[in-house]
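There are 2 protein chains.
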Amino acid sequence: MASSQWSDLDPSKVTITPATTLKPLPKPEDLDNAWGKVFTDHMLLCEHDPVAGWGAPRIVPYGPLSLDPASACFQYAPTAFEGTKAFLSPSGTPRLFRPDMNMARLARSCARVALPPFDGAALLELIKIMVSLERRWIPAGKGYSLYVRPTMMGTRVGLGVAASETALLYIILCPTGKYFPKDRTTTSLLASNDTIRSWPGGTGGHKLALNYSPCFAPQRIAASKGYEQNLWLLGDDQHVTEAGQMNFFAVFKKPDGVLEVTTNPLDGTILPGVTRDSVLKLVEAESKSLLPGTVLRAVERTITIKELVESSELVEMFGAGTAAVIAPISRVGYDGKDVLREEGVVSRALWKRITEIQMGEVEHPWSVQCETTVPGLSIS
Amino acid sequence: MASSQWSDLDPSKVTITPATTLKPLPKPEDLDNAWGKVFTDHMLLCEHDPVAGWGAPRIVPYGPLSLDPASACFQYAPTAFEGTKAFLSPSGTPRLFRPDMNMARLARSCARVALPPFDGAALLELIKIMVSLERRWIPAGKGYSLYVRPTMMGTRVGLGVAASETALLYIILCPTGKYFPKDRTTTSLLASNDTIRSWPGGTGGHKLALNYSPCFAPQRIAASKGYEQNLWLLGDDQHVTEAGQMNFFAVFKKPDGVLEVTTNPLDGTILPGVTRDSVLKLVEAESKSLLPGTVLRAVERTITIKELVESSELVEMFGAGTAAVIAPISRVGYDGKDVLREEGVVSRALWKRITEIQMGEVEHPWSVQCETTVPGLSIS
Chain A
1 MASSQWSDLD PSKVTITPAT TLKPLPKPED LDNAWGKVFT DHMLLCEHDP VAGWGAPRIV
61 PYGPLSLDPA SACFQYAPTA FEGTKAFLSP SGTPRLFRPD MNMARLARSC ARVALPPFDG
121 AALLELIKIM VSLERRWIPA GKGYSLYVRP TMMGTRVGLG VAASETALLY IILCPTGKYF
181 PKDRTTTSLL ASNDTIRSWP GGTGGHKLAL NYSPCFAPQR IAASKGYEQN LWLLGDDQHV
241 TEAGQMNFFA VFKKPDGVLE VTTNPLDGTI LPGVTRDSVL KLVEAESKSL LPGTVLRAVE
301 RTITIKELVE SSELVEMFGA GTAAVIAPIS RVGYDGKDVL REEGVVSRAL WKRITEIQMG
361 EVEHPWSVQC ETTVPGLSIS
Chain B
1 MASSQWSDLD PSKVTITPAT TLKPLPKPED LDNAWGKVFT DHMLLCEHDP VAGWGAPRIV
61 PYGPLSLDPA SACFQYAPTA FEGTKAFLSP SGTPRLFRPD MNMARLARSC ARVALPPFDG
121 AALLELIKIM VSLERRWIPA GKGYSLYVRP TMMGTRVGLG VAASETALLY IILCPTGKYF
181 PKDRTTTSLL ASNDTIRSWP GGTGGHKLAL NYSPCFAPQR IAASKGYEQN LWLLGDDQHV
241 TEAGQMNFFA VFKKPDGVLE VTTNPLDGTI LPGVTRDSVL KLVEAESKSL LPGTVLRAVE
301 RTITIKELVE SSELVEMFGA GTAAVIAPIS RVGYDGKDVL REEGVVSRAL WKRITEIQMG
361 EVEHPWSVQC ETTVPGLSIS
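The listed protein sequences derive, respectively, from chains A and B. Residues in the first sequence are numbered consecutively from 1, following UniProt numbering. Residues in the second sequence are numbered consecutively from 1, following UniProt numbering.
Rather than coming from a laboratory, the hints here were simulated on the basis of the structure. A couple of the hints might just be wrong.
Any copy, or any two copies together, can satisfy a pair, since identical chains are not distinguished.
No farther apart than 25 angstroms at their CA atoms in a straight line, the calculated lysine to aspartate or glutamate pairs in the DMTMM-like style are these [as the list claims (entries may be wrong)]:
#, residue 1, residue 2
1, Lys37, Glu165
2, Lys178, Glu165
3, Lys178, Glu356
4, Lys225, Glu165
5, Lys27, Asp41
6, Lys27, Asp68
7, Lys23, Asp68
8, Lys254, Glu342
9, Lys281, Glu260
10, Lys178, Asp68
11, Lys37, Asp49
12, Lys178, Asp100
The task is simple: from the sequences and hints, build the whole structure.
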């Protein structure tokens with residue numbers, strides 16, 4: 001391949017230093033209670049310099065990063081990341097799910113914290129290279145995948161508060177099972193209005209490291225009260241923004257029998273989730289076939305906590321995200337009371353439909369074969 | 001000293017690995033345009049383990065940190081830090097300025113992102129040890145100091161979103177001159193209402209790494225329009241929260257001649273600055289002596305941008321922070337127009353008073369001699 005295909009970040013320049021010994025593969029069942037704790041043999045590193053631009057990507061054995069203690073990523077958190085999954089299709093080919101959306105979102109996230117731009121197609125190519133190299137790590141079976149975490153962070157050394165055009169892009173991969181512990185198929189949320197996850201003009205619409213740690217303490221409070229995650233509220237009307245680290249969906253059964261699959265609009269305070277978008281698009285495109293005998297309608301509008309508590313039309317709730325895919329919400333705590341709903345037919349149908357597309361069990365343009373155009377790469 | 005003086009984080013357990021060669025000291029004048037870029041010979045590291053608690057603090061040569069790429073500090077930004085300065089008093093003794101306030105604030109910041117607690121007196125002792133060891137690095141002369149940056153960050157390895165009780169505390173030090181470039185004695189601010197720095201229920205009242213990178217892009221916009229920093233606004237009333245990375249002060253001359261030194265109250269959206277508190281306390285305690293012939297009054301209330309634009313009582317504006325101490329604001333851009341004020345008598349008097357206390361030129365309980373109670377420590 002001519003390197004001229006790539007403008008700056010250049011997958012054709014990738015070098016590989018293979019690990020001298022490969023790790024034993026974990027058993028798939030051991031992954032179910034250890035989400036995101038086991039990593040593959042290699043990682044990809046690529047540095048950006050404000051003058052020279054992106055350097056040659058290097059695949060090296062998975063191991064620690066060495067960074068100056070005054071690096072921006074430690075001191076001021078200019079860090080964006082993505083989460084996408086590689087699935088093992090029935091034919092044995094790795095597949096990615098709508099990875100172009102992740103690339104576009106990462107570019108937007110990077111711009112929000114003044115990190116350098118990159119060619120999304122080139123990064124996707126690097127991800128494909130990594131997935132291909134580490135394909136032995138993709139666990140077989142529905143519910144299992146190889147989670148891919150591209151991360152970009154500012155590495156400028158200095159305590160002055162300013163943008164970091166010196167940056168490190170890295171890709172790590174971990175085989176994953178179920179996001180929530182094995183014995184639970186639904187999740188519970190405590191509605192939180194003392195801590196606000198995001199606000200207009202803030203960063204909640206971007207996938208940034210900095211959005212997550214402010215949720216740790218509220219998450220502990222929720223856990224102490226018997227809830228797994230927080231339901232984040234915002235504004236005088238106390239409307240829902242997100243559910244833990246997922247987009248929030250409520251399904252309302254209207255008097256005419258239509259099921260309205262409802263979520264917050266992309267107003268800048270919520271993450272534009274790939275799974276969220278997939279739910280809305282599937283409900284629109286398959287409004288009469290997704291649940292035979294029932295008409296579905298996708299609705300984007302704010303949902304207040306008052307409505308969740310009072311509505312007799314509320315039939316189910318679920319969270320949508322890359323890690324959990326579709327997570328039925330059985331319980332929402334608010335003001336000392338619980339809103340309870342069973343796992344519903346909509347979340348079940350959506351989980352089935354999305355995962356069959358992800359796994360390549362059916363043909364769908366969202367499922368992308370993970371073939372690289374860079375020849376000659378292999379871990380010997 | 002008996003180690004029982006310390007509950008957990010224990011300065012008496014500190015070990016030292018001295019640098020084999022010491023760096024040449026920079027000339028003080030070279031520091032004026034390179035704020036936060038030169039670091040001393042050593043750094044202090046101390047790890048926290050959720051079971052074993054705080055380990056023995058280690059002083060080692062300044063150098064890179066080695067951390068797993070899936071560490072919480074990279075992925076979810078649970079990082080709190082402090083900034084305090086050591087000054088060289090006329091007698092040659094290093095002095096710190098109200099360091100107990102920094103210790104208390106760091107504890108609050110750590111709790112906000114679920115980092116482990118620590119003994120503030122023990123951390124202050126570790127800072128004193130580091131300042132004492134690195135005292136050759138404290139530049140002499142007013143306007144110069146050794147900036148101390150204690151940082152605590154979560155180092156739990158794993159991609160699951162959860163609190164990190166595994167943590168690294170480190171202290172780095174850098175000799176500093178003027179925060180703003182040498183040829184400017186005042187700063188200029190562009191009022192920003194499309195990007196919101198902080199929000200009720202958010203993290204703006206804590207000193208967290210994650211508060212800073214969202215300001216990088218707006219700062220670039222401000223710079224492109226000829227302003228050095230942003231004036232952060234919030235709410236329907238468009239009131240001022242902070243000025244760049246400083247607390248904002250406006251001085252209003254009332255009809256009775258009293259000068260009201262006014263700043264936003266600590267409502268959770270602004271940093272509880274040590275310099276901010278010092279300004280308010282000095283204005284209260286020395287209301288008639290700080291500016292002979294003039295009565296000053298400290299006022300904590302919100303100030304709207306409309307008031308800054310329209311008020312005929314507005315006589316001066318300044319920012320207050322550890323790095324810049326007192327930075328007169330000569331220009332605020334809003335809605336295509338500029339609010340212009342000269343550097344005023346109040347900011348000049350406050351700068352003089354605070355820096356003479358910091359330098360130990362006058363006796364004041366805020367200035368703390370930097371003597372350690374841990375004997376036998378020296379860099380050979």
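Status of the hints after comparison with the structure:
For a Cα distance limit of 25 angstroms, the shortest separation of Lys37 from Glu165 across copies, 16 angstroms, qualifies, whereas the shortest one inside one copy, 30 angstroms, does not. Proximity of Lys178 to Glu165 under the C-alpha cut-off of 25 angstroms is restricted to the inter-copy arrangement: shortest distance 24 angstroms between copies versus 37 angstroms within a copy. With identical chains, the CA atoms of Lys178 and Glu356 are at most 25 angstroms apart within one copy only, with a shortest distance of 16 angstroms there and 61 angstroms across copies. Proximity of Lys225 and Glu165 under a CA criterion of 25 angstroms is satisfied inter-copy only: 20 angstroms between copies versus 43 angstroms inside one chain copy.
For the identical chains of this complex, Lys27 and Asp41 are intra-copy neighbours only, at 16 angstroms inside a copy versus 47 angstroms across copies, given an alpha-carbon limit of 25 angstroms. With identical chains, the CA atoms of Lys27 and Asp68 are at most 25 angstroms apart between copies only, with a shortest distance of 23 angstroms across copies and 37 angstroms within one. When the C-alpha separation of Lys23 and Asp68 is checked against a cutoff of 25 angstroms, the pair qualifies only between copies, where the shortest distance is 16 angstroms, while the shortest distance within a copy is 29 angstroms. For the identical chains of this complex, Lys254 and Glu342 are intra-copy neighbours only, at 18 angstroms inside a copy versus 64 angstroms across copies, given an alpha-carbon limit of 25 angstroms.
In this homomeric assembly, Lys281 and Glu260 come within 25 angstroms of each other (Cα to Cα) only inside a single copy, at 13 angstroms, whereas the closest approach across copies is 58 angstroms. In this assembly of identical chains, the alpha carbons of Lys178 and Asp68 lie at most 25 angstroms apart only when taken from different copies (23 angstroms versus 36 angstroms within one copy). Taking the shortest Cα distances, Lys37 and Asp49 sit within 25 angstroms of each other only across copies (17 angstroms), while inside one copy they are farther apart (31 angstroms). Taking the shortest alpha-carbon separations for Lys178 and Asp100, only the intra-copy value of 24 angstroms comes in at or below 25 angstroms, while the best inter-copy value is 46 angstroms.
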